[in-house]
Every structure is written in structure tokens, then in C-alpha cells.
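Asker: The listed protein sequences correspond, in order, to chains A and B. Residue numbering for the first sequence follows numbering that gives the first Met the number 0, starting at 0 and increasing by one per position. Residue numbering for the second sequence follows numbering that gives the first Met the number 0, starting at 0 and increasing by one per position.
No lab work stands behind these hints, which were simulated from the structure alone. Please note: incorrect hints may appear among the correct ones.
As the list claims (entries may be wrong) - DSS-like mimics (lysine-lysine), calculated; alpha carbons at most 25 Å apart, straight line:
| no. | chain 1 | residue 1 | chain 2 | residue 2 |
| --- | --- | --- | --- | --- |
| 1 | A | 350 | B | 78 |
| 2 | A | 402 | A | 555 |
| 3 | A | 55 | A | 78 |
| 4 | A | 581 | A | 541 |
| 5 | A | 228 | A | 310 |
| 6 | A | 173 | A | 183 |
| 7 | A | 107 | A | 228 |
| 8 | A | 228 | B | 78 |
| 9 | A | 217 | A | 107 |
| 10 | A | 236 | A | 310 |
| 11 | B | 78 | A | 217 |
| 12 | A | 337 | A | 350 |
| 13 | A | 183 | B | 78 |
| 14 | A | 236 | A | 402 |
| 15 | B | 78 | A | 224 |
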Amino acid sequence: MQSPRIAIAKTPSSEPAARRAPSTPPNGQPAAGAADEAALAPRLRGARIIVEGLIKEGVDLIFGYPGGAILHVYDELYKVQDRLRHVLVRHEQGAVHAAEGYARATGKVGVAMVTSGPGATNVVTGLANALMDSTPIVVISGQVATTLIGNDAFQEADIVGITRPCTKYNYLVKRVEDLAPTIKEAFYLARSGRPGPVLIDIPKDVTAFEAPFLWPEKVELASYKPTVKGHPLQVKKAVDLMRQVDRAVLYVGGGVVNANAQPEVQELARRLNLPVTPTLMGLGSFPPNDPQSLGMLGMHGTYTANMAMAKADLIINIGARFDDRVTGRVDKFAVNAKKIHVDIDPSNVNKTVNVDVPIVGDAKHVLEQMLEMLPKSDPAPERKEWWAELREMQKRYPLRYQKRSDVIMPQKFFEELADLTRGRFICTTDVGQHQMWAAQYYPVDNGRNWLTSGGLGTMGYGLPAAVGAALSGTDQPVLCVTGDGSFQMCIQELATCVQESLNLKILVMNNRFLGMVRQWQELLYDRRYSEVGLKYFPDFVKIAEAYGATGLRAEKPEELRAVLEKGLNTPGTVLMDIIVHKETNVFPMIPGGAAHYEILLGPEDDEDAQPRELA
Amino acid sequence: MSSIPPSTRHVLSILVEDRYGELARIVGLFSGRGYNIDSLAVNQSLEPGMSRVVLTTRGDPSVVEQILKQVNKLVRVHKVRHLVGDGHLERELCVATVRAASPRAREELERVIKLTGARVLAFSASAFTVEVTGTSSDVEQFIELLRPLGVRDMVRSAPVALSRAGSEGEVQPAESAAQ
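With the hints as extra help, turn the sequences into a complete structure.
Answerer: Below is the structure:
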């Protein structure tokens, strides 16, 4: 598919367009007042405007893959290599996930660039992923020339139509004059309010036309004004509740990470002596080993975290969205608890769960408002009985697993990894059992060090996201924890890792199964294992070596520690193939459709104590 | 959704920038999230560069709250109004061609026209094309009256709706959502 994209570069249809560019602005004259400014501004080709616009927005790194419709822009990229670095990935999906990884690790907008048609359709998964997890990215896609749009031209796809429901906003730029304001606006939309993905589709002739390069200083959109500060009366109501109600729990999500509100969450938790439970996307918002942390919430969250929600009288949700992986059966979710919900997106409020005190606003601002309203002289409430109850649960139902000496238990692998890395690494995951064990056992101390596909659950996210994180300018080494299934979905990005000499440690938790699907089939489909055993799997060590990376393998428990130590201390890109027990399940587990207190515990837990009904 | 809640008809009036793809965004939001559009009317508004979309949908209050918020969230949507109760007026247009072959039928047609305020747009030796405006039920009644006369063809527009002069019956979701 790749070489024909190059072939269309010099078709007659695109070349004359380039030559007749300067004289014919498609749509009349610029406004009288702007005329002087326009006369003074340098005239640039569309392709150059794109590149200069990116630089003006502070972009110094983009991920992409060239092709016919985007060639003019790649020609300009060639000329500005010293100011704007382009990293060539091996598949467009990888470019978007890398941009997402970069964005999550830095808090800046990640950028990907692709060509039209197949190049553009390959970004759909990444856009949907970024939309679900509120990650700010801008994707620039080439399009066939405006004169060809609608003709079923070579490598034409209606990507604006295709991506409309999986972007925060998208554009087809039909006039070269619109390029600069569109790029400015796209970055503003991507990073403001609830962050998300924005796609700009640019026809090839628009990249060839010339226009004065006028960069707008700011963006003003009458119809788009995200609420940042919480309504003071609502904040007051929330603060009063938090002081009055004893059995309260703080439930924190990805909004805290996006708002960089971790210090404020921690201060609120301290001053009110609140138990804290993060969602999958909120991991790292609160120190995992802090006594006030109950561990992760949700389908594979800790027993205590889920039961705390079930037994609380007040749930304080900061930047989470009552996702079905957290609530379980909605009509049975925390029925007795009053609920405070802080969310920057008004459409998240009362979407699945009705709340008592909704506050629309940015997590950091609202938390600051809350902290200001809390009387300084207030001693932290003791919440004695509540904490006693929670401590009892923690003691009775900690995370546990079967210890074995004949085979590497996956949880043991994660414990060892946690012990050796101690959260100093940026950790990306793929999707499945390994993701849940990583969430349970890997101590994430900063949300920007935890990159995972939460909402969409995209297998294949981990490796390219790690590429983005490793190139984010951080000094921290990067871990990519993946499974033998997920890893093969974007395995081609190993080439990018080696090409960029990334200090990246890939850990393949290899159970020779699509483990999470197998687990559901075991528990819910009477062990009818339908297409979950990978009947053929390649030798990952040899694959690593073939790509020019280092490959290591641990098959026996006694090899585990040594392999991890060696792999983590070997410079460059290292793949560690960790052969683990094949049929271990992730527990606790709340089966889909069950209430959030109907928690399945593992065989290691006391069978009699299996809680079925809420006490 | 275990049980289907009682759903009522709701009229939304949306002011959106008249730009490429914006109507598709609104319509796509409805289909993508499983809401239904019963009728849809779009045309220019008083403000230059802005279109007014009037659409009717069905749902219980929580569904409508979600719809209002989702539509309001669209970047180029400037205003969403939920038109409720007596606070607004609705009109739709119906154009029909009736045979009215016999003299008696023509007499009857004349009566219907007088009764409903309809207008003859065109006629030939064998048929009349008539138009009427009114609420949906007015139009339905009109069609029922014409039916015995032999309706050859009929077309109805989606209803348009506007707040009644002096009415307070408007809800703006952006402000209500925060509270």
C-alpha cells in the first residue's frame, strides 16, 4: 500500500495547481483593515504555513508517515529539521498512539501527520482512543486536491466524515488563507476544556497555494467557552457535605491528571482525612503506598476500594465519569451515598449516575476553591469508625495470589518489577490481564508516568505510546508492559524504537493466551475457549534481535529476577519475554452486569467469606 | 435500558454556524448516541452566517437533559433552546394534490379550504394542488378531510417552532447544567 502513495506525487493534477497558486485566492479579497497587514506578511505556500504554524504553537516533535497527498508538507519538514523534528513510525496507528503517549507524559499537545486515504483511515483507532481518554492531540492528514474531492480519486477517503464522531472537532481546510487560523484554533480546542483529539484534513492543492502568513495571536470562539471555575455556591455545598459526612470516599480520575491537580487532591485528602481511590486513568493522582490510599477502583479494583464506595455515605468524584467499569450495575451503585461530581464536561454530569452536587469546572480550580473554603483551623476529621471498617477490609481482603515455585506467576512478575523500578519509570501498558495486574501491583506515583488505554481499551497502544513518552524529553526510562496478544498489534514499532535509539524496556507478559478473554470464557462460558489460544506465536527474543534490539527470556521463577535486572540495566531497547502461568485469573473481579459489591475473589481467599450481598 | 420509560415529544431549536459539516455533526450525534430525530427543519436564521435547526425528538427527562448537553457541547453550536409547553408556536407546511373529480367533490374541497385556511396553488381540469400550514395535528386533520376526495400526492415539511412573543417558556441548558 505504501509505494503507490509516492507514485501520485507528480500526477498532472497536482502540479499545475502548485504553479497557478499565487494569483487566485479562491474567495475574494481580504478585509480592508487587514489588507496592510496582509501586504506586509510573508507569502508562504500552504505546506510552509502548516510547518510554521506548528512551530508557533510550540511543537518541536511530530510523529508521522509520508505519502502522496502530504508530500508538499514533508518537503517543508525536510527544510526545517533543526526546528521541528519528525519521527517516522511504521504504521499510522503508531503515530497517533505515540502522539498520545507524548501528550500524556508532557501535558502538551501531541501531533501526528499522515497522508490521505489509507494513511488517514489508519488514525481512526488512535483518535477514538484519545477522545475516550481526553488526550490532547492534533492529527494532520493529507487529502486529494480540492478539484478531485468527491471523484473517488486515488487514495481519497472522506476522513472528516469518518472521524466526525471520534474527534472533539475536525476540519477540512479548503482555502490556503484558512490554514493558519485553523491550526491555531485546532490546538486551542485540543488542549482547552475537556482535552481531546482534533483532525485537520488538508487537500494537496491547498498545501501548494500561497497566502500571506498571518498568525492569529489568540482564538475567540463565541460558541465554545469551557467552564473553568466551579460555581461558588455549589463548591460551598460540597465543602459543607465533606465536613459533615463521616463515611466519605474520594474517587479520582483522569481529569485530575489532565488538570495537573495532584497536589490539590493530596491536600484535600489530608485536610479532610479522606480515603482515596483512583480509577484506572487516575492512577498516580495519589501516592499508591500512602495509608489513605485504598488502591484502584472498579472491575479489577481492590475489594476495599469497591466496598468503600458501596458503604460510603458520601462519594466525592473529582475528574472521573462514573464509567460502567466502576459503577457495575448502575441501579445498584452506591444507592445510599450522596454524590459530589466535579467534571469539566457538563455532559458527563448526570449521564449515568444522578448526583447531588454537580460542579462543572476544571479539577485544579475547583479543588483550589474547595481548599480555600475549608477553614484553616479545622482539624482533620477522625472518621474513626469508617477507617476502622476500611482497615478491617484491607486486612481481610488484600490483593493476593497463589505462590508457586514451578512457574512464574504473573503477579509475582509485577511485584518483582515494582520492586526493581519503584515507580522511577514511565510505564505504558497495553490492554488485558497484564494491564490490570500492572494497575494493581505497579506503584504509580505520578499520573503522567502512567500511560494506558482506559476508555477504548485499545490493544496495541502500549508500544507506540512508549515511543512517544521516550521522546518526550524526559530523563526517566520508559517501561512498556504488554501481553503476547497486544504486543503483536503494533509490533512493527520496534523498528521506530531502534531507529530512535530509545531507552525503552518492553516486558511481554507471555501466557500464550488472550488472557482476559480466556478468563471471561473460563468464568462465564464454562471454559469453552473460543479462539483465545494463540496457536502460533513467534519467538519474541528473535524478533527483538531481528529488529536490532536486545531480547531476553525468563521461563522459570529462578530466572525472573536476574532477567529483569539484566534487561533493565541494558541500555537501549530491550525486550523481555516473561513466560508466565497460562491460566491465572485477575482477581478481585466484578463480572459485567453485576452490582459493584458482588465481588469475585480468587481461590486464595477464604471461600466462606465470598461476599454476595451488601451487608 | 431494561424498561422503556414513557417518552414525550420535545422540540429543540438550535442556532449553529452555517459551515461545512455542522448539520452532519448534529445529526450524527443523535444517531451515534441512539437518540431519534422525528423531524428536522433547517434554514438560515436572522443572524448572518447562522442556521436555525428545529428538530423534534422523544425521550424521558434524563435523555433530553443528555441530548441538550451533548448538542450544546458541539463547538459551533451557539445556542440550544428546549421549547416546552404553551411557550412556543409550531407550524408545518403541507402541500397536496387532490383529484376532486366530481362537482360534489369540488364543492367539498371548497368547504375544506374555507374551513382550514388552505390555499389553491395550482389546478387543472382534473386536479387541484393545495397548501395548508398549521400544527402537526392541524395538518393531519387536513389530510383526513382531503382523503375522501382522492389525494394523489402529498408532502409535509418538518415543523418549525418559535417562542411565543412574551413567553418565558425557554430553557437554556448551559446554565441549568451547572446547577
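Asker: Each hint should be assessed against the structure and marked as holding or not.
Answerer: Hint check results:
Of the pairs offered as hints, the one joining residue 350 (chain A) and residue 78 (chain B) holds, with about 21 Å between alpha carbons and a cut-off of 25 Å not exceeded. For a cut-off of 25 Å, the pair hint linking residue 402 (chain A) to residue 555 (chain A) stands: about 13 Å separates their Cα positions. As the CA atoms of residue 55 (chain A) and residue 78 (chain A) are separated by approximately 16 Å, the hinted pair is consistent with the 25 Å bound. Using a Cα cut-off of 25 Å, the hinted pair residue 581 (chain A) and residue 541 (chain A) holds, with the two alpha carbons roughly 21 Å apart.
Taking the CA atoms of residue 228 (chain A) and residue 310 (chain A), the gap is near 31 Å; set against the 25 Å cutoff, the hint is violated. Using a Cα cut-off of 25 Å, the hinted pair residue 173 (chain A) and residue 183 (chain A) holds, with the two alpha carbons roughly 16 Å apart. Between the alpha carbons of residue 107 (chain A) and residue 228 (chain A) the distance comes to roughly 21 Å, so the proposed pair stays at or under 25 Å and holds. With a CA separation close to 21 Å, the supplied pair residue 228 (chain A) and residue 78 (chain B) stays within the 25 Å bound.
This hinted pair checks out: residue 217 (chain A) and residue 107 (chain A) have alpha carbons roughly 18 Å apart, not beyond 25 Å. Distance restraint check for residue 236 (chain A) and residue 310 (chain A): the Cα-Cα separation of roughly 22 Å lies within the 25 Å cut-off, and the hinted pair is therefore satisfied. Distance hint between residue 78 (chain B) and residue 217 (chain A) is fulfilled; the C-alpha atoms sit about 23 Å from each other, no more than 25 Å. Straight-line distance between C-alpha atoms of residue 337 (chain A) and residue 350 (chain A) comes to about 16 Å, which keeps the hinted pair within the 25 Å bound.
The suggested pairing of residue 183 (chain A) with residue 78 (chain B) holds, with an alpha-carbon distance near 24 Å, which does not exceed 25 Å. Taking the CA atoms of residue 236 (chain A) and residue 402 (chain A), the gap is about 49 Å. The hint is violated against a cut of 25 Å. Distance restraint check for residue 78 (chain B) and residue 224 (chain A): the Cα-Cα separation of roughly 12 Å lies within the 25 Å cut-off, and the hinted pair is therefore satisfied.
In this structure, the hints that do not hold are numbers 5 and 14, in rising order.
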